[in-house]
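Enquirer: Protein sequence lines correspond, in order, to chains A and B. Residue -11 is where the first sequence starts when you use this note's numbering, and the numbers rise one by one after that. Residue 37 is where the second sequence starts when you use this note's numbering, and the numbers rise one by one after that.
These aren't lab readings, by the way, just hints derived from the structure by calculation. Any given hint might turn out to be false.
Simulated coverage check for chain B against chain A, where a stretch passes if three residues somewhere in it have a Cβ under 8 Å from a Cβ of chain A [as the list claims (entries may be wrong)]:
1. 44 to 53
2. 115 to 125
3. 217 to 224
4. 356 to 362
5. 369 to 375
6. 379 to 390
Pairs of lysine to aspartate or glutamate, DMTMM-like flavour, derived with a Cα cap of 20 Å [to be verified]:
7. B:K46 to B:D62
8. A:K129 to B:D347
9. B:K46 to A:E82
10. B:K368 to A:D224
11. A:K181 to A:E145
12. A:K83 to A:D264
13. A:K83 to A:E234
14. A:K142 to B:E378
15. B:K46 to A:D61
16. A:K209 to A:D183
17. B:K368 to A:E239
18. A:K129 to B:E349
19. A:K181 to B:D374
20. A:K83 to B:E45
21. A:K3 to B:D215
22. A:K3 to A:D50
23. A:K142 to A:D212
Far from chain B, by Cβ distances over 12 Å, these chain A residues were calculated [unchecked claim]:
24. P22
25. L30
26. V66
27. V85
28. M130
29. Y136
30. H140
31. A154
32. L162
33. R166
34. K263
Values in this document were obtained by computation on a predicted structure and should not be read as measured data. Cβ atoms here follow ideal geometry from the backbone N, Cα and C, with glycine treated the same way.
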Amino acid sequence: MNTGYNFAYLDEQTKRMLRRAILKAVAIPGYQVPFGSREMPLPYGWGTGGIQVTAAVIGADDTLKVIDQGADDTTNAVSIRRFFARTTGVATTEKTVDATIIQTRHRIPETPLSDGQIMVYQVPIPEPLRWLEPRETETRKMHALADYGAMHVKLYEDIARYGHIATTYDYPVLVNDRYLMRPSPIPKFDNPKMDHSPALQLFGAGREKRIYAVPPYTSVKSLDFEDHPFEVQRWDQACALCGSTESFLDEVVTDDQGGRMYVCSDSDYCGERQKDQMQ
Amino acid sequence: MYVAVKGGEKAIDNAHALMADGRRGDENVAELSLEQISGQLSLAVERVMTEGSVYDRDLAALALKQAQGDAVEAIFLLRAYRTTLPRFGSSLPVETGAMAIRRRISAAFKDLPGGQILGPTYDYTHRLLDFALAAQGGDRPPVAENAEPVEDSMPRVTDVLGHQGLIETSGEGAEMPGDLTRQPLNYPAGRDLRLQNLARADEGFVLALAYSSQRGYGNTHPFAGEIRMGEVAVELVPEELGFAIEIGEITLTECQMVNQFKGSKTVPPQFTRGYGISFGQCERKAMAMALVDRTLRAEDLGELVTNPAQDQEFVLSHSDNVEASGFVQHLKLPHYVDFQSELEMIRRLRRENAEAAQ
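Sequences and hints are given; from them, build the entire structure.
Expert: This is the structure in structure tokens:
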């Protein structure tokens, strides 16, 4: 453990400022709370929001898991896990069930979360209306008035053009029947896991200086239409390593002749299943 | 055969070792010292200090050395260090009117109190590669000392115009200006925060915006009222003393643009201001900043906001190169999951297309 810096790198005043923002976010589910995001020693866009949120909630007794694309061993997950190992000395784990805090980029673990766990999402663009309206002054007004018609029109236009809602990740959700929220770029496959999750879900956008939250057991509804209900991705294949037909599969190109195989994106889930099958 | 993307940890260590190796270069060549960087690459050091928001030549030189001369990476290093520094107080506003002038020019007046002082500038060099420098050394022409010292009184051109009411007053600033490194920027942002943002902004970005305004995308009819460079004292009032003490001296470049303004029913015609400032001799940055400060005042001055350089959300949200560099380069991070989702969708759409065509 590196003792040159405060526990979890940030000074206590900054953590206090972050905790206030987090408390406000929990009190108003799905609402984006502006906060005084700090310049972190990792680049913007690489998880600085998630890192600040984790730094604000982590304690000496916590066990931290960090995943990127569902895997613990992708380079950026390794880098962030090391950062906290260095600055806090807390235990780290790759097992979803053992973790008290899970910082993630782009996935929610396949293993169901439980009471007392905290999910920390890294968010690149927190504003769900951003690609419909680039101005913050306008989108804040739209949220205040719950004026989300533009998003429904966008989804309808998808259906008119493609026959489907063509959004496949970062699929917009309505939280607690009030605020439209970006779930961060997780595949829509993971959206149902957010609904009434027993875990506390915190979202940090460092560059955009916003924090938002979904408290445990809160409704998270993916937008859809009665005649075009929300649906998640499905695969014809099973995982080539553990045989799962339930999990999100990554496609791995094996040669330049069109050869490919499908494996779980959640490395812990896949590994545990393989271990069980060995026994 | 499938090989999982394992071994990230080892790869990261090796990446760092490879960069360290590249940074050192040929071991038969002497290693760069911070004194050399700070003394001989001073304009690079000053850009890193300006956009890194820390006035410390040694740290900026270290950042440049560590970043192998990459200015944006060096600025990022300095910023990340800056956030860890405690704030022990705020200085009094520096008095640039009392600057120890090394350079002071006005493009608006042929002569003015204190005179024109050309000072150090590349402006009138012929841009011919100097091969004598390649051969190390070469003869330096002697610097001629002026027979008379620079005049003590060097009033700012804007003050000269101000006496006659020909230019708008600079307005009372906020008692304590905002700090966007502590509080998130909200729109519309006041001029204090806009100036802070521009002072930290990427030189290239501000330069291009300023240029766009000169080419018709939000023209402000600017004159370089004055550019001055030199040393100013930094003063602080420690709580336990209750009076100001000088804690140091910094080099600044300040640019005051004088811009046209038609006037209105309530205000007689007068010139308007654009303000730019930088640490050291970042004159290009200070001038560009002054132009963009003025274009961003469009709304305050009742002008139509129709161009990028006038649009504060556009300018202020995209001016920071540490933010921009991080977000552009984050595309290097794995996006397998999102890409897989798109693949699945595009295959489905193509399948349905093909079926419909049959």
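Enquirer: Now tell me if each hint is right for this structure.
Expert: Going down the list of hints, with the structure as the test:
no., hint, verdict
1, 44 to 53, "holds (count 4)"
2, 115 to 125, "holds (count 6)"
3, 217 to 224, "holds (count 8)"
4, 356 to 362, "holds (count 4)"
5, 369 to 375, "holds (count 6)"
6, 379 to 390, "holds (count 6)"
7, B:K46 to B:D62, "violated (25 Å)"
8, A:K129 to B:D347, "holds (18 Å)"
9, B:K46 to A:E82, "holds (17 Å)"
10, B:K368 to A:D224, "violated (29 Å)"
11, A:K181 to A:E145, "violated (27 Å)"
12, A:K83 to A:D264, "holds (14 Å)"
13, A:K83 to A:E234, "holds (19 Å)"
14, A:K142 to B:E378, "holds (17 Å)"
15, B:K46 to A:D61, "holds (11 Å)"
16, A:K209 to A:D183, "holds (7 Å)"
17, B:K368 to A:E239, "holds (18 Å)"
18, A:K129 to B:E349, "holds (15 Å)"
19, A:K181 to B:D374, "holds (17 Å)"
20, A:K83 to B:E45, "holds (18 Å)"
21, A:K3 to B:D215, "holds (18 Å)"
22, A:K3 to A:D50, "holds (16 Å)"
23, A:K142 to A:D212, "holds (11 Å)"
24, P22, "violated (4 Å)"
25, L30, "violated (8 Å)"
26, V66, "violated (4 Å)"
27, V85, "holds (21 Å)"
28, M130, "holds (14 Å)"
29, Y136, "holds (21 Å)"
30, H140, "holds (20 Å)"
31, A154, "violated (6 Å)"
32, L162, "holds (21 Å)"
33, R166, "holds (22 Å)"
34, K263, "holds (15 Å)"
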